[in-house]
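A.B. asks: Chains as they are written, first to last, in full-length UniProt numbering: chain A, 1 to 125; chain B, 1 to 125.
It should be emphasised that the hints constitute simulated quantities derived from the structure, not laboratory data.
Wrong hints could be hidden among the right ones.
It does not matter which identical chain is meant; a pair holds if it fits inside one copy or across any two.
[As the list claims (entries may be wrong)] Straight line, CA to CA, 27 Å or less: simulated BS3-like cross-link-like pairs of lysine-lysine:
1. K43 x K117
2. K33 x K43
3. K33 x K9
4. K94 x K33
5. K33 x K117
6. K42 x K117
Number of protein chains: 2
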Amino acid sequence: MPDNPTATKYTWDAMPVEQVTDQLSRRLITGDKMMLAHVYLKKGTIVPLHQHHNEQITYILEGALRFWIGSEDAEPIVVGVGEVLHIPGNVWHKAEAIEDTLDVDIFSPPRQDWLDKSDDYLRLK
Amino acid sequence: MPDNPTATKYTWDAMPVEQVTDQLSRRLITGDKMMLAHVYLKKGTIVPLHQHHNEQITYILEGALRFWIGSEDAEPIVVGVGEVLHIPGNVWHKAEAIEDTLDVDIFSPPRQDWLDKSDDYLRLK
């Protein structure tokens, strides 16, 4: 038997929104081995170059993000509606919201730094 | 350094569709620790009671699924657009498409039975 033998239903619109900065907010669904997030970025938001051991899948539902992978000098990759970016663990990446964006981020394992709010790279400007 | 130090971009519409049955088809994006799937179910599709060790997150983008968790006698749970169902590993579940549905399924680890097509529970009627 798993620790939690039951399924849990979530409704995004009914979940509290964490306002991380003026420009970026999010909702989190945290499982055992993975985390599903709604990340809301206003046009112009910069997510500074950072990395984490967590594997990341970014699925864009609204808007578009421009990514730089490996370094800030890399050729940018634009990920728009209906597109997905897979970022292996430990890979450096930076992002910019080209439009107001709803980004579905999936991580494995869950982002402990998002849960305990030690994600300073997002909070400092 | 990870095995694959680069990010990979996917466009759902450009990806091949695997037609699993007349009623169910899918597209898969497979990472290291997780898999992201688009599952397309026609109204009336039944996914028979089954379980797997993989943790599952089901996010409905179009349509709706009715789930039975634990057994076929359980009280059904309807998951519609903008809703998410978290199913821990090893939990039995059955589903029925109440409408034509686009279901985003996320698994950790990736579903090896989906990759090697040994997922007979989906294929046998």
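A.B. asks: Against each hint, give a clear statement of whether it holds in the structure.
C.D. replies: Hints, one by one, checked against the model:
1. K43 x K117: Cα proximity of K43 and K117: one copy only (23 Å, versus 42 Å across).
2. K33 x K43: neither (31 Å within a copy, 31 Å between copies)
3. K33 x K9: Classified as both: same-chain Cα gap 17 Å, cross-chain 23 Å, threshold 27 Å.
4. K94 x K33: both (24 Å within a copy, 22 Å between copies)
5. K33 x K117: This pair counts as both: shortest intra-copy Cα distance 19 Å, inter-copy 24 Å.
6. K42 x K117: within (20 Å within a copy, 41 Å between copies)
In this structure, the one hint that does not hold is number 2.
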